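Participant: Protein chains in written order, with this note's numbering: chain A, 58 to 571; chain B, 28 to 173.
Note that these hints are calculated values from the structure, not bench results. Any given hint could be a false lead.
Straight-line distance between alpha carbons at most 20 Å, and here's what the computed EDC-like set of lysine to aspartate or glutamate pairs gives [to be verified]: (1) A:K108 with B:E71; (2) A:K139 with B:E56; (3) A:K107 with B:E71; (4) B:K147 with B:D65; (5) B:K55 with B:D132; (6) B:K55 with A:E155; (7) A:K108 with B:D103; (8) B:K72 with A:E153; (9) B:K55 with A:E94; (10) A:K139 with B:E71; (11) B:K143 with B:E37; (12) A:K139 with B:D61.
Here are some, though not all, of the chain A residues that point toward chain B, as calculated from beta-carbon distances under 8 Å [what the hints assert, rightly or not]: (13) Y137; (14) Y158; (15) P253.
Please read all numbers here as calculations on a predicted model, not as lab measurements. Virtual Cβ for every residue (Gly too), placed ideally from N, Cα, C.
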Amino acid sequence: VPCVFCGLPKPTNITFLSINMKNVLHWNPPESLHGVEVTYTVQYFIYGQKKWLNASKCGSINRTYCDLSVETSDYEHQFYAKVKAIWEARCSEWAETERFYPFLETQVSPPEVALTTGEKSISIALTAPEKWKRNPQDHTVSMQQIYPNLKYNVSVYNTKSRRTWSQCVTNSTLVLSWLEPNTLYCVHVESLVPGPPRLPMPSQKQCISTLEVQTSAWKAKVIFWYVFLTSVIVFLFSAIGYLVYRYIHVGKEKHPANLVLIYRNEIGTRVFEPTETITLNFITFSMLDDTKISPKDMNLLDKSSDDISVNDPEHNEAWEPHWEEVEGQHLGCSSHLMDAVCGAEQRDGDTSLTQHGWLNSTIPTGETDTEPQYKVLSDFYGEGEIQLSCEPEEAARTEKISEPLVTSANLDPQLEDLHHLGQEHTVSEDGPEEETSITVVDWDPQTGRLCIPSLPIFGRDPENYGHYERDQLLEGGLLSRLYENQAPDKPEKENENCLTRFMEEWGLHVQMES
Amino acid sequence: LPINTRCKLEVSNFQQPYIVNRTFMLAKEVSLADNNTDVWLIGEKLFRGVSAKDQCYLMKQVLNFTLEDVLLPQSDRFQPYMQEVVPFLTKLSNQLSSCHISGDDQNIQKNVRRLKETVKKLGESGEIKAIGELDLLFMSLRNACV
Chain A
58 VPCVFCGLPK PTNITFLSIN MKNVLHWNPP ESLHGVEVTY TVQYFIYGQK
108 KWLNASKCGS INRTYCDLSV ETSDYEHQFY AKVKAIWEAR CSEWAETERF
158 YPFLETQVSP PEVALTTGEK SISIALTAPE KWKRNPQDHT VSMQQIYPNL
208 KYNVSVYNTK SRRTWSQCVT NSTLVLSWLE PNTLYCVHVE SLVPGPPRLP
258 MPSQKQCIST LEVQTSAWKA KVIFWYVFLT SVIVFLFSAI GYLVYRYIHV
308 GKEKHPANLV LIYRNEIGTR VFEPTETITL NFITFSMLDD TKISPKDMNL
358 LDKSSDDISV NDPEHNEAWE PHWEEVEGQH LGCSSHLMDA VCGAEQRDGD
408 TSLTQHGWLN STIPTGETDT EPQYKVLSDF YGEGEIQLSC EPEEAARTEK
458 ISEPLVTSAN LDPQLEDLHH LGQEHTVSED GPEEETSITV VDWDPQTGRL
508 CIPSLPIFGR DPENYGHYER DQLLEGGLLS RLYENQAPDK PEKENENCLT
558 RFMEEWGLHV QMES
Chain B
28 LPINTRCKLE VSNFQQPYIV NRTFMLAKEV SLADNNTDVW LIGEKLFRGV
78 SAKDQCYLMK QVLNFTLEDV LLPQSDRFQP YMQEVVPFLT KLSNQLSSCH
128 ISGDDQNIQK NVRRLKETVK KLGESGEIKA IGELDLLFMS LRNACV
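Next up, chain A with everything else stripped away, as it sits in the complex:
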């Protein structure tokens, strides 16, 4: 219907509102025509085309908006739209929009948000919004397909701590972990599309609470740790107790190796005695005796055992002198025997020479000096013996001095005969005669005096007296020792053996006179 332009004001604030490619044109009525019945006509223009086109469902309408989603569905094109007001037969000028580019200007709605909760976590599932559809049965197109770089800004608010934090994600699922248990969290999400900034369209807040801590699990943990720690402590104390027990008892039960435990039925006490063979045998013997002896005699046995123990040292002492005596006796006899054996071996064929030497030593004293005679005697007997024999007989010197006179006045016929024999020996110098010569001496064992026939000749000189005494002492020592060996306590056989050997060796003839 043609109309006449006569100054009618045009509509105002004409703009496109686009969400997920659903593009709706909005405008306001003319300023001076509020309350008046006014109709509107809408046309659109595709940039690059030649003509404006009428909107199919927006001719002579009363509402102040028009859905141009179908006309502007090619979102890669740019569009214009215009509206004019009509009142009765008059109409206004056209009111145009700016160039509209849906691809860069449409708003993308927030995704669908699905929350699931755990004890300390929340899982957020995001589903991309869908593009506008003309008909419900049309094929569904996701905005993710139009914008491959679509992102989401997820904001989380903790109602307890009143803190909010955001996270930009591209995945469809987000898991928030390490949250506080039994706490309310609120979540809202925005879609982010690359390009010029668009008006924000946040999702509605969805709130969910994390679960409470499961008491059963907590109790299980507590019980486990309680039992575990208790077991460990019990084990440690057991180990310590065992070590202490072992240290105390094992150490005490050890006994020294050198002691043996012995029981006595009488006393009933324990006695430790050294484990020596002799003692053990003795005790064993005593035990056997105990079994045989009657109860009356037990006391006697104890006393006898005590006596034995008391007498033991004495018994030992008694043995020692006996051995000493035996050894002494044996040594004395053996000394003589050795001397005899040595003499026999060395001078078997010169026995006569030995005797001759002895006789010569005595006879030449009248002719030669006294000193050589002393040397010979010392060699024969030994220096030690001389000293021993001198001291005990000092008191008897006076008696010796007086006796020679008595002896010379009281000469027996036998002695005179012997004296003559001696003189003959001194005169003759033939060998056979020397072998048959005999010297007779008189010896008193008690006083130790030895009388030699040649001595009366030298009795007058004082030097001779000293010589005489020394000779007697020397001779007495040997004879006295021989006489001591003939003790009456000893058996006769031993005495006979020693005496006979002495007589044989020295060619002596002994006459015992009581």
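Assemble the complex: chain A is given as a structure, and chain B must be docked to it using the hints.
Facilitator: For chain B alone, kept in the frame of chain A given last:
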């Protein structure tokens, strides 16, 4: 390497919020002054007969023409957007300097020539139109070269 691999731009060039916003605001403002709504420079006709793999080379030609014959003569106008958008587009052009094609570029040259002739025919209005379509240039570069 194939020559076409040099016809690539980093996606990060198109994800800088500030400069992207300034580019679109410049186009929006200038498009208000474009009265020749029946002329569409960067549209379906520009890509007619050009394979997908060669579209980046095509956009390189359009970008270089826009910088040299459109933006430089108008550099004093539409401030402060102009002084920020020109260096940004220059950087993109430098990144495509080694972009070439090995095949026949007859259709490409024909389409680019037609665009140039349209702008020159319209004179200053043509330059205004070209600046008003910087948002289409931006999105076409992104779709073709990323």
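Participant: Need the list of violated hint numbers for this structure, in ascending order.
Facilitator: Violated hints: 5, 7, 8, 9, 10, 11; rest satisfied.
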